[in-house]
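S.K.: Whenever a hint applies, use it, and build me the whole structure from the sequences.
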Amino acid sequence: MNEELESKLKKLVNLLDKNSDFYKLENLKYQIESEYIISELAESNLVDKDKYRIASDSIRAHIKIIINKIKNSNELYDDFMNEINEFKKRIGQEDFNRYTVVFPLNFCIEDSNIDGYDILGKKIINLDYDEWKNRYKSKLDKEDKLKMALNTIPNEFSKNFTYWKFVYEANDTKFVTDKLQKLLGILLGEINYSLNVHYITRYQSDTYKLNKSNSMIKLPFILLFYEEGEFNDFFLDKDPTKRNLYEIKGQDRDRYKEIFPDLPNFSGKENEIDRKLARSFRLYQEAMENSSFEDSFLSFWRGFELLTLTTKEETHEEICKKIMSVVSHEDRELFEKILEGLRKKRNSLVHEGYDCEINLQDLNLSKLTFEHIIIFYLYNKDDYDKEDFEYILNNYHKGNDCLKYFKDKKIRHIKLIDDMLAWE
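Residue 284 in our numbering sits at position 284 of the sequence shown; the count goes up by one each step and never skips.
Do not take every clue at face value.
What follows is a set of in silico ranges between Cβ atoms, one per label pair, in the way DEER data are often shown [claimed, not checked]:
1) G121 <-> Y391: 40 to 48 Å
2) F96 <-> D408: 54 to 62 Å
3) Y30 <-> E387: 43 to 51 Å
Source of the hints: derived by calculation from the structure; they are not laboratory data. Values in this document were obtained by computation on a predicted structure and should not be read as measured data. All residues carry an ideal CB built from backbone N, CA and C; glycine is no exception.
M.R.: Next up, the structure:
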């Protein structure tokens with residue numbers, strides 16, 4: 001028996017009205033606590049979301065049904081596990097639903113015909129406009145709920161956008177939505193990276209704040225779900241801001257063609273370095289498309305944490321040292337002071353709220369630093385494994401004298417190993 005799980009179950013049922021036929025709290029003041037426990041249960045390993053291709057929201061909903069059913073049981077833990085196992089057995093025997101997800105992206109590439117993109121072994125397929133219009137958009141004319149939702153946002157199905165589809169089998173649309181948004185976060189992060197790497201904006205801060213999120217390639221404002229050729233459901237992105245067309249042409253197109261093809265699509269055998277890089281491009285996308293300087297700044301810092309911290313016990317004070325191990329600067333003392341200043345601003349934001357102002361220089365420095373760390377990983381990922389990267393991060397910043405000492409010690413150890421091998 002899992003005593004921790006049993007304790008959570010008892011705590012949860014004690015919050016419920018035992019006389020109700022429904023999942024009803026004894027008092028509304030228990031709402032936050034009950035939802036927290038339900039979320040903990042849904043995010044645990046009780047149900048393998050990837051195996052059953054089911055979203056956390058669906059698991060949460062079913063856990064509430066189970067809890068309501070067994071809330072008066074004297075064998076709470078055993079009954080709960082039996083119900084969970086029955087739930088897994090049932091969804092494991094059911095065929096997945098086959099969803100076709102169609103969506104617009106607010107970019108086009110001049111003089112380029114792209115069939116699609118491969119990312120994490122999944123295919124995102126480009127639709128020509130006529131196929132979008134005749135096969136998919138035509139099915140939306142009588143969808144009043146969709147029309148009402150579209151009237152609440154400043155976006156529309158522009159003829160200038162490109163249209164794409166993603167086919168995936170799963171138990172529910174929310175799981176597909178989560179999967180697709182992760183794939184698009186990586187893909188669009190790489191596209192934005194190829195267009196913006198090493199670029200420093202020279203706008204005034206106020207002007208840049210007004211234009212930043214409106215001048216980026218962003219996640220689609222809507223996902224449209226089809227089953228067996230018929231419209232089924234839709235999902236509006238949490239960021240409702242207007243998507244303006246980003247035309248990749250001229251120098252932008254040249255940069256894209258030079259840089260993007262060499263970026264990984266993570267479609268091979270995954271390792272921990274690939275997973276970190278994929279997550280890094282998602283964070284880069286978050287930072288680039290966000291209109292808030294503060295939120296963008298924190299996304300870059302989450303990227304620093306991801307690529308530099310090697311244990312859970314390390315503090316943010318270690319981040320600056322680790323960055324110094326992989327990012328070169330002609331004046332290392334000045335660079336260290338700059339990083340320390342950025343770290344203090346990060347801590348003020350996280351611990352003291354938005355009283356700390358992030359300016360354009362802070363954002364540029366964070367962006368360039370994150371890009372340099374990504375470049376270090378990209379350049380070395382085929383030669384170094386996880387332990388190699390960690391060794392460099394933990395030691396290079398200690399200086400040449402220390403590294404020479406380490407080298408001499410290793411050489412001595414190698415000689416001793418050779419001696420011991422010779423004894424056999």
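S.K.: Indicate, hint by hint, whether the structure satisfies it.
M.R.: Evaluation of the provided hints:
1. G121 <-> Y391: 40 to 48 Å: violated (30 Å)
2. F96 <-> D408: 54 to 62 Å: holds (59 Å)
3. Y30 <-> E387: 43 to 51 Å: Given range 43 to 51 Å: holds, Cβ gap about 47 Å.
Violated hint: 1 only; the structure is consistent with all others.
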